[in-house]
Amino acid sequence: MMRSTAILLLTSLLGPALAQISYAQNSPAQDQDVAVVVNPKNPVIDITKSELRKIFAGEKRTWPRGVSIKLIVRVPGSYERVVLLRLLGMSESEYKQYWIAEVFHGDAQAEPVALFSNGMQKEAIGAFPGAIALVTPGDVKPGMKVLKVDGHSPGEPGYPVH
Amino acid sequence: MPRQEEDASVPRGTIRTCIHCALLALLLGGAHSWAQNTRPGDHETVEQLVQQIKQLQQQDLDLQARIKILEGQQQATRVTEADTASPPAPPQDAEKAPPPQEAPQHDWKDLRGMQWRGFGEFNYKVLDQRQPELGTDGFVPGSAGNFYSGDFDLFISARMSDKSSVVAEVAFGELDHQTFSVDLERFLVHYEFSDYFKMSFGRYQTGISYFNTEFRSAKFLLTTADRPLVAQFADEGGLLPTQAVGVSITGLVPSGKLGMNYLFEYGSSDTVRPDINGSGEVNDENNGNHINVGFFIRPEAFSGLQIGGSFYHDKVSNSTVPSPVRIDQTIVNAHVVYVAHGIEFLNEGFLLRHWPENSSITFNTPAFYSQFSKRFAHIRPFFRYQYANANIQNLFFEDVGLRYGPSFGARYDFSDSIAFKAQLDHTVRKDQPDLNGLQMQIAFAF
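Protein chains in written order, with this note's numbering: chain A, 1 to 162; chain B, 1 to 446.
To be clear, the hints were calculated from the coordinates, so they are not data collected in a lab. For every residue, glycine included, the Cβ atom is placed at its ideal position computed from N, Cα and C. Where hints are given, some of them may not hold.
As the list claims (entries may be wrong) - Just so you have them, the derived chain B footprint on chain A, three or more residues with Cβ under 8 Å:
| id | segment |
| --- | --- |
| 1 | 49-63 |
| 2 | 93-105 |
Stated by the list, open to error - Calculated from the model, a selection of chain B residues having no Cβ within reach of chain A, i.e. all distances over 10 Å:
| id | residue |
| --- | --- |
| 3 | Val167 |
| 4 | Ala218 |
| 5 | Val247 |
| 6 | Val282 |
| 7 | Thr330 |
| 8 | Pro356 |
| 9 | Ile361 |
Claimed, not checked - Keeping only pairs whose Cα atoms sit at most 30 Å apart, straight-line, the calculated DSS-like set for lysine-lysine is:
| id | chain 1 | residue 1 | chain 2 | residue 2 |
| --- | --- | --- | --- | --- |
| 10 | A | Lys96 | A | Lys60 |
| 11 | B | Lys374 | A | Lys96 |
| 12 | A | Lys148 | B | Lys257 |
| 13 | B | Lys198 | A | Lys49 |
| 14 | B | Lys198 | A | Lys148 |
| 15 | A | Lys60 | B | Lys257 |
| 16 | A | Lys41 | B | Lys257 |
| 17 | A | Lys49 | A | Lys96 |
| 18 | A | Lys60 | A | Lys49 |
| 19 | A | Lys60 | B | Lys198 |
| 20 | B | Lys315 | A | Lys60 |
| 21 | A | Lys49 | B | Lys374 |
| 22 | B | Lys430 | A | Lys49 |
| 23 | A | Lys49 | B | Lys163 |
| 24 | A | Lys96 | B | Lys163 |
This is chain A alone, in the form it adopts within the complex:
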């Protein structure tokens, strides 16, 4: 009885972590670069990985010309979401609690908009002048402007967002 309870407890504790590891190992797009896209009218062409982390952590909230940054992210389960969490160094649970705290501090109005598809991300990028999102290069469409990160474009050696 004790043994089965212990196994059950261990399973419940380690289950999510193992699932995450399994996802990471089995995902065909594990090391695929992810493009950083913004509204085409955004004058920025290059940012650093550190700036990108600050932007998606809500620490940097305006573009150089004063336009408010609008964060667009994908829902859990997508590769872009995995890359986002990797960029921030957080688990899914930590990410959600982080944004609860950010909103409660008054630093953010709400958790970033989470969208089901890259098509919806494209719409949102076009709609908000300050929008920024992560998109797999295959889903980059006209109407999205791809930023260089640390001087590299997606697919180039040294590109740091994957």
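Based on the hints, put chain B in the right spot on chain A.
Okay, now just chain B, sitting in the frame of chain A:
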């Protein structure tokens, strides 16, 4: 003959039917046998596939609903704007991509309504000393142990424009006899000129410490079940003026990879602080206007590290005593914090300096806390050590004296918004028996 052959063919049709039946039986039998012989791993695979199908069906429904909305809006408006400013997409993708289409801008609106959040807690606490200390949040001191509900916070925020917003936090706190008080913890109008200059007017929680700035008043955000004594809210016996009304300015300092931020506050604290030794006395500090200046850095090279400090000054006088004396109050704070990769390491030190005017006496009250925790899946064990040493002749902290000791326990997150915490405290008190306590808490956000 052909006729006969036809007659002879009747049995062949029967045979064909029999063969079909046999094949069907074999197939059904095989399927049944396969279903019976499937291994547990296959069941999991099937369940995963079913889950994926359900998710895809849900996404399909969402997309269909979305398409209907877009079609309806396109029929209604028939507005198409050419976007001449759009540069071409990367060459590698442009070939695959469909013809450019302007996004339906009217479909995406920022929410301008009020956003609500709630935070709550339920507690059980027991102390090994019957001699009462200060009871807060509904805890009845001197009892063997009791349940209490603590604070119930309603947090409201509303965006007024792209750069301005309003934030309000109303806390319903349990008092003795299960009565409740209402406190407007925060009420702020916030305006962001840029990352370098953000202003807030109203009632705010002072940036006098990392803890007060980072965790505010929601217990759900704390790893531990309570705040360290020095960072406790003043109306719950804490040593710092934790709330004020005035103006607060924050922002980035152009400092490259150093990631420096500044903080400037000017306001009135008007702190009322009850004694924590159970005497029942209350100090109304009747503060003058305070000034608080702080800086902190978040170096890019060490993600998660924050080092900073602040300088606070005002003049206080205890209006509850006859002929009160004005006292210079200066509070210096420094913190080194690392929060990343599941690790939380908080270290914060304070020096509270009180100098009665026209006097040669100065009272120094040093205090610090250090807290370490590490997350393992849903569990986060923690350890905290705190220290405060106040002169008992200091009119404001005569109830504090020397106190120090460890706390340890664990937080278990049932989900992203419900947490259970268990905490053991051992507090050494000068000239009084040591105080041991057990706290259990369910904290949640919604």
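### Query
Can you list which hints this structure breaks, lowest number first?
Hint check: 3, 4, 20, 22 fail, others pass.
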